[in-house]
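**Q** These protein sequences, in sequence, are chains Y and E. Residues in the first sequence are numbered consecutively from 1, following our numbering. Residues in the second sequence are numbered consecutively from 1, following our numbering.
There could be a bad hint or two in this list.
Pairs of lysine-lysine, DSS-like flavour, derived with a Cα cap of 27 Å [to be verified]: (1) Y:K724 - Y:K500; (2) Y:K174 - Y:K290; (3) E:K146 - Y:K500; (4) E:K65 - Y:K491; (5) Y:K370 - Y:K389; (6) Y:K174 - Y:K216; (7) Y:K371 - Y:K216; (8) Y:K292 - Y:K491; (9) Y:K292 - Y:K564; (10) E:K11 - E:K70; (11) Y:K264 - E:K203; (12) Y:K724 - E:K158; (13) Y:K268 - Y:K564; (14) Y:K11 - Y:K27; (15) E:K137 - E:K174; (16) Y:K504 - E:K65; (17) E:K65 - Y:K500; (18) Y:K264 - E:K65; (19) E:K140 - E:K80; (20) E:K146 - E:K70; (21) Y:K504 - E:K70; (22) Y:K739 - Y:K724; (23) Y:K548 - Y:K380; (24) E:K102 - E:K13.
These are computed hints drawn from the structure, not numbers from a lab.
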Amino acid sequence: MDQKRLLDSGKYITELAQRINYLADIKGGLEWGSLQELLDRVQNLRSKLFDLKEDELFVELEQIERRLDYLEDRVVQDLSPIEIVNIVRSPQRFTLQDILENCYDSYTELGGEGECNIDPAVVVARATITRRVKNRLYYHQVMVIGHEKGYGEEFRNGGCAKPWGNEKALRYMKVAEIEGIPIHSYIFTPGAYPIEDYPGAAQQIARNLFRMSRLKVPIVAFISEGGSGGAEAIGLADIRLMASRGYYSVISPEGAAAIEGRIKEGGKVPRELVEHCAAQLKMTAEDNLKLKTIDRIIEEPPLGARRGDYQFFRRLRYEMVRATDEVVLQTKSFRTFRSYALKRQSQEKEEDFSDEFDIHIKWSLTDSEKKRLLELRSKKYRAMGKGYKELRQTLQSRLSEAVESLKQNYYDIRYGLLRQHSRQVQKLIEEVSSEGSVFLKTVTEPVRVAYDFVFPKPKSENGLNQQDILRRSIFMQEWEQYISPLANEDKTVSCPNAEKYGCKDLWVPDLYGEFSGVCPSCGHHFPLEYQWYLQNLFDPGSVREFNKHIVSANPLKFQGFDEKLKKAIERTGRGSAIITFDASVFDIKIVVAMLYSDFRSGTVGSAEGEKFIRACDRARTTRRPFLAYIHTTGGIRIHEGTLGVIQMPRCTLVVREYIDSGGLYIVVYDNNSYAGPVASFLGCSPYQVGIRSSRIGFAGPRVIRETTGADVPPDYHSAKNALKRGHIQGIWDRREFRKNLFEALMTMGGPHLYYK
Amino acid sequence: MEINLKDLLKKYKSHPYEDHEIRTPHTGVVHINVEDGQEVSGPTGLWNHRPGTLLYVLEREGNPKHITSKYTGFVTKLRKELDGSFVQAGEPVMLIRHRLNKEEIIDRILREVLYIFPAPQRARYFFTPEVSAAMEKDKKKAINLKEGDEILIMSLMKRDTLLSYEGPAGVLYKVYFKHGDLMEQGTPLLGICSPERLPFVEKMIQRIRTEWDD
Numbered sequence: 001m002d003q004k005r006l007l008d009s010g011k012y013i014t015e016l017a018q019r020i021n022y023l024a025d026i027k028g029g030l031e032w033g034s035l036q037e038l039l040d041r042v043q044n045l046r047s048k049l050f051d052l053k054e055d056e057l058f059v060e061l062e063q064i065e066r067r068l069d070y071l072e073d074r075v076v077q078d079l080s081p082i083e084i085v086n087i088v089r090s091p092q093r094f095t096l097q098d099i100l101e102n103c104y105d106s107y108t109e110l111g112g113e114g115e116c117n118i119d120p121a122v123v124v125a126r127a128t129i130t131r132r133v134k135n136r137l138y139y140h141q142v143m144v145i146g147h148e149k150g151y152g153e154e155f156r157n158g159g160c161a162k163p164w165g166n167e168k169a170l171r172y173m174k175v176a177e178i179e180g181i182p183i184h185s186y187i188f189t190p191g192a193y194p195i196e197d198y199p200g201a202a203q204q205i206a207r208n209l210f211r212m213s214r215l216k217v218p219i220v221a222f223i224s225e226g227g228s229g230g231a232e233a234i235g236l237a238d239i240r241l242m243a244s245r246g247y248y249s250v251i252s253p254e255g256a257a258a259i260e261g262r263i264k265e266g267g268k269v270p271r272e273l274v275e276h277c278a279a280q281l282k283m284t285a286e287d288n289l290k291l292k293t294i295d296r297i298i299e300e301p302p303l304g305a306r307r308g309d310y311q312f313f314r315r316l317r318y319e320m321v322r323a324t325d326e327v328v329l330q331t332k333s334f335r336t337f338r339s340y341a342l343k344r345q346s347q348e349k350e351e352d353f354s355d356e357f358d359i360h361i362k363w364s365l366t367d368s369e370k371k372r373l374l375e376l377r378s379k380k381y382r383a384m385g386k387g388y389k390e391l392r393q394t395l396q397s398r399l400s401e402a403v404e405s406l407k408q409n410y411y412d413i414r415y416g417l418l419r420q421h422s423r424q425v426q427k428l429i430e431e432v433s434s435e436g437s438v439f440l441k442t443v444t445e446p447v448r449v450a451y452d453f454v455f456p457k458p459k460s461e462n463g464l465n466q467q468d469i470l471r472r473s474i475f476m477q478e479w480e481q482y483i484s485p486l487a488n489e490d491k492t493v494s495c496p497n498a499e500k501y502g503c504k505d506l507w508v509p510d511l512y513g514e515f516s517g518v519c520p521s522c523g524h525h526f527p528l529e530y531q532w533y534l535q536n537l538f539d540p541g542s543v544r545e546f547n548k549h550i551v552s553a554n555p556l557k558f559q560g561f562d563e564k565l566k567k568a569i570e571r572t573g574r575g576s577a578i579i580t581f582d583a584s585v586f587d588i589k590i591v592v593a594m595l596y597s598d599f600r601s602g603t604v605g606s607a608e609g610e611k612f613i614r615a616c617d618r619a620r621t622t623r624r625p626f627l628a629y630i631h632t633t634g635g636i637r638i639h640e641g642t643l644g645v646i647q648m649p650r651c652t653l654v655v656r657e658y659i660d661s662g663g664l665y666i667v668v669y670d671n672n673s674y675a676g677p678v679a680s681f682l683g684c685s686p687y688q689v690g691i692r693s694s695r696i697g698f699a700g701p702r703v704i705r706e707t708t709g710a711d712v713p714p715d716y717h718s719a720k721n722a723l724k725r726g727h728i729q730g731i732w733d734r735r736e737f738r739k740n741l742f743e744a745l746m747t748m749g750g751p752h753l754y755y756k
Numbered sequence: 001m002e003i004n005l006k007d008l009l010k011k012y013k014s015h016p017y018e019d020h021e022i023r024t025p026h027t028g029v030v031h032i033n034v035e036d037g038q039e040v041s042g043p044t045g046l047w048n049h050r051p052g053t054l055l056y057v058l059e060r061e062g063n064p065k066h067i068t069s070k071y072t073g074f075v076t077k078l079r080k081e082l083d084g085s086f087v088q089a090g091e092p093v094m095l096i097r098h099r100l101n102k103e104e105i106i107d108r109i110l111r112e113v114l115y116i117f118p119a120p121q122r123a124r125y126f127f128t129p130e131v132s133a134a135m136e137k138d139k140k141k142a143i144n145l146k147e148g149d150e151i152l153i154m155s156l157m158k159r160d161t162l163l164s165y166e167g168p169a170g171v172l173y174k175v176y177f178k179h180g181d182l183m184e185q186g187t188p189l190l191g192i193c194s195p196e197r198l199p200f201v202e203k204m205i206q207r208i209r210t211e212w213d214d
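Using the sequences and the accompanying hints, generate a full structural model.
**A** Laid out in structure tokens, this is it:
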């Protein structure tokens with residue numbers, strides 16, 4: 001027993017109690033390893049501190065410490081994924097506040113402090129971080145954005161960002177971009193707070209991702225607790241670091257267990273199932289590094305870093321500076337020696353670790369470097385999350401692929417090289433002729449009037465021009481309508497609004513035949529299979545599917561998922577929950593991605609993400625409008641873990657590139673559209689429309705009830721309410737889908753259906 | 001309008017129930033799901049979005065319609081003989097007897113006894129400053145009203161309109177809104193009692209509150 005302990009035994013007893021409680025947090029209770037007994041002994045010591053003799057006290061303390069050391073070693077040797085989750089959730093774990101205090105030299109919190117804040121779960125600070133190079137200090141300005149879990153303050157919501165919290169984050173990202181300073185984002189969230197109030201949980205995350213994909217400053221993210229969509233809202237970074245005892249997952253293990261075990265609301269989820277799911281989800285830092293969803297792991301102490309682990313903060317500060325250096329250096333054309341110096345230093349052993357840098361790198365970027373930064377970001381995310389399977393293609397499909405490749409070259413020349421020149425020439429001619437026309441008009445006008453009077457312009461038979469004819473034809477059904485097989489049943493059904501509007505019972509052949517699944521009295525839309533849309537929405541024979549050979553797999557080897565996947569493939573005859581195809585609507589050629597319900601409830605995994613990206617790229621190459629028709633999506637497929645989550649930034653980035661290049665991206669939601677996809681590549685579209693009676697949102701009513709403790713009205717997610725909140729821009733009737741789509745293409749698409 | 005208060009009280013005391021007859025909305029085969037005397041509950045939840053107890057299923061042309069209870073109470077006069085048989089529209093299937101609690105009885109009696117002044121349109125309502133001040137000054141003092149008295153301010157879209165009382169002269173007995181509440185058109189705002197009937201009404205309500213079991 002050293003002198004310090006002698007003098008400070010009260011404090012030492014408190015530390016021991018904290019260590020015991022920390023172990024109890026990790027093991028899920030005091031029952032394990034007789035922790036309760038140890039804690040009782042510590043409490044006993046505390047109460048009798050001044051009654052015991054010094055020797056007795058020290059002997060007892062030493063015994064407790066030895067026992068604790070032994071127990072901690074045991075926990076470290078056999079740390080399970082659920083225990084890592086418990087480490088992250090422990091109230092003793094470090095928070096963003098500790099990082100700001102210990103890694104940054106000074107900081108100013110923006111947008112309020114503590115409770116007086118638009119969202120106390122999101123902290124934004126303008127901070128200064130220093131680097132020491134040969135005993136000289138260099139200062140860097142950064143924007144720190146992250147989640148603050150707080151030390152048990154209720155108002156922090158455990159780090160669950162509300163929509164306006166994410167909006168605040170976005171606002172300051174833009175400030176960082178204007179000021180040209182890097183962003184350090186710290187992810188400490190179990191998930192986003194699932195409410196639809198404006199700007200809406202899903203829509204705001206989508207906006208953040210959309211903006212971050214082209215943010216012209218280096219972004220470095222550090223993940224301690226990465227809860228799905230909430231994490232992505234500030235997580236689209238050039239380098240993603242992760243704490244060695246952190247977790248990054250598509251869903252909480254409890255949520256996954258409730259789904260896997262089909263546990264009813266309010267029911268208790270068995271602990272074994274939660275542990276099983278935690279292991280299956282591959283959420284630890286090592287797993288994520290293997291899956292390449294993160295770039296590097298930052299080592300913590302074996303049982304995780306706590307608030308007082310200053311050595312860890314020293315390391316973290318060094319790693320954040322180094323990661324930012326790396327991002328900046330990658331954009332430089334001349335960087336070999338500096339990169340080498342940085343790499344050599346990072347390979348130093350832990351015990352030799354020094355936070356002094358050999359070099360100083362400035363973090364400001366020139367215009368060309370910013371361009372390269374965005375290129376690298378795009379390349380990085382495009383290469384991520386490839387957990388799908390590619391089937392061997394038939395000769396025919398390989399031939400069509402070759403044709404596609406040729407087409408691509410053609411389009412590159414047509415819209416790339418030639419278009420560029422022709423536009424310039426056209427522009428010049430327009431300018432010259434405009435100038436000339438002003439001069440000539442005064443001379444030629446009387447002549448033109450006289451000419452028109454003598455030789456009037458011929459009109460078409462009914463006085464309409466070609467555009468009018470085309471517009472008129474949209475009211476006609478040019479081919480025999482596809483009838484849903486649902487109509488083959490001789491029975492009646494009741495409209496769910498019958499009580500409210502007095503709708504009469506509907507005879508099924510009428511409902512699914514003549515009425516197209518729409519109640520004639522109140523307009524309620526009964527769900528229809530996706531084939532109905534394939535047949536009735538597009539011009540007959542125009543649908544040509546591509547990338548059929550990309551199929552869903554089980555990249556995490558999630559137990560029992562192979563069978564489920566097999567069943568889905570057998571039932572649908574398809575390999576994924578998305579169908580991508582070329583089609584035309586009134587002869588307007590478009591590219592379509594369709595998520596449909598029959599295949600794992602339209603959930604998005606690697607295959608779906610990849611097919612979506614390829615479809616989007618195809619639309620960009622061929623300069624065609626891109627339609628995402630969402631028959632149903634249940635969110636990100638939990639069985640693919642973070643490989644699924646990563647599809648959110650991935651696909652949004654590609655959508656952003658498409659829109660930036662001038663593309664028209666329209667999203668139409670039908671039936672149910674929830675979670676990740678809505679919070680990323682769908683929600684970022686400037687034109688989002690809901691089909692009547694559809695539901696759109698972030699989390700379903702059950703998740704909202706369980707997370708927030710508040711009930712939600714039955715029509716909370718209805719398209720009507722989504723429209724009222726400003727999440728979508730319109731509601732379409734299914735029977736007028738084709739007409740409305742055509743009109744949307746004509747009005748939003750401009751003369752060339754492609755802006756640039 | 002002469003109401004015998006004693007008879008009214010007697011009526012509720014002898015039969016403190018409200019009966020709701022459940023009839024078939026259309027033809028079909030009935031499958032009864034409850035027993036005679038069984039307690040049933042009406043819709044629940046903040047928005048009454050959770051349906052009440054399933055009473056019976058009415059099936060027509062392969063469309064089984066689940067008829068749930070709109071009221072809380074117990075089932076009586078159940079026509080069990082209809083179970084499994086085809087019935088016409090409007091056929092009584094059972095009666096749901098809802099036991100009125102004290103507050104419901106008081107509310108019903110007051111509505112019969114008092115003159116109700118309804119909201120002329122959907123708006124926010126306030127008492128005029130004079131009435132408001134009088135109410136504040138002495139909460140127990142009765143406020144007498146006669147036709148033409150300016151009593152309320154109707155506020156809608158930043159337009160304030162003075163409302164004059166229309167109805168028989170009397171004492172303001174019950175206020176159905178809180179200061180500044182948004183009230184729908186036709187909902188009761190004030191309950192006015194004639195001065196001679198006032199002591200009886202107060203006594204009766206007192207008796208119901210203290211003596212009756214809920």
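**Q** Work down the list of hints and note, for each, if the structure agrees.
**A** Comparing the hints with the structure gives:
1. Proposed proximity of K724 of chain Y and K500 of chain Y is supported: the alpha carbons are some 21 Å apart, at most 27 Å.
2. In summary, the hint linking K174 of chain Y to K290 of chain Y is not supported, as the alpha carbons are separated by about 33 Å, beyond the 27 Å threshold.
3. Under the criterion of a C-alpha separation no larger than 27 Å, the hint pairing K146 of chain E with K500 of chain Y is inconsistent with the structure, at around 41 Å.
4. Between K65 of chain E and K491 of chain Y the alpha-carbon distance is near 12 Å, which keeps this suggested pair within the 27 Å criterion.
5. With a C-alpha separation of about 35 Å, the suggested pair K370 of chain Y and K389 of chain Y falls outside the 27 Å cut-off, and the hint is violated.
6. Restraint check for K174 of chain Y and K216 of chain Y: satisfied, since their Cα atoms lie roughly 9 Å apart, inside the 27 Å limit.
7. Our distance criterion of 27 Å between C-alpha atoms is met by K371 of chain Y and K216 of chain Y, whose separation comes to about 8 Å.
8. For the hint linking K292 of chain Y to K491 of chain Y, the alpha-carbon distance of about 53 Å lies beyond 27 Å, and the restraint is violated.
9. With a C-alpha separation of about 25 Å, the suggested pair K292 of chain Y and K564 of chain Y falls inside the 27 Å cut-off, and the hint holds.
10. Proposed proximity of K11 of chain E and K70 of chain E is supported: the alpha carbons are some 25 Å apart, at most 27 Å.
11. Our distance criterion of 27 Å between C-alpha atoms is broken by K264 of chain Y and K203 of chain E, whose separation comes to about 52 Å.
12. Distance check on the hinted pair: K724 of chain Y and K158 of chain E sit about 24 Å apart at the alpha-carbon level, within 27 Å; holds.
13. With a C-alpha separation of about 24 Å, the suggested pairing of K268 of chain Y with K564 of chain Y holds against the 27 Å cut-off.
14. Pair hint K11 of chain Y plus K27 of chain Y holds up; C-alpha atoms about 24 Å apart against a cutoff of 27 Å.
15. Annotation: proposed proximity of K137 of chain E to K174 of chain E holds, straight-line Cα distance about 18 Å (limit 27 Å).
16. Restraint check for K504 of chain Y and K65 of chain E: the C-alpha separation of about 12 Å stays at or below 27 Å, so the hint holds.
17. Straight-line distance between C-alpha atoms of K65 of chain E and K500 of chain Y comes to about 15 Å, which keeps the hinted pair within the 27 Å bound.
18. With a C-alpha separation of about 25 Å, the suggested pair K264 of chain Y and K65 of chain E falls inside the 27 Å cut-off, and the hint holds.
19. Straight-line distance between C-alpha atoms of K140 of chain E and K80 of chain E comes to about 55 Å, which puts the hinted pair past the 27 Å bound.
20. For the hint linking K146 of chain E to K70 of chain E, the alpha-carbon distance of about 40 Å lies beyond 27 Å, and the restraint is violated.
21. Simply put, K504 of chain Y and K70 of chain E have alpha-carbon atoms about 20 Å apart, close enough for the 27 Å limit, and the pair holds.
22. Using a Cα cut-off of 27 Å, the hinted pair K739 of chain Y and K724 of chain Y holds, with the two alpha carbons roughly 24 Å apart.
23. With a C-alpha separation of about 25 Å, the suggested pair K548 of chain Y and K380 of chain Y falls inside the 27 Å cut-off, and the hint holds.
24. For the hint linking K102 of chain E to K13 of chain E, the alpha-carbon distance of about 11 Å falls within 27 Å, and the restraint holds.
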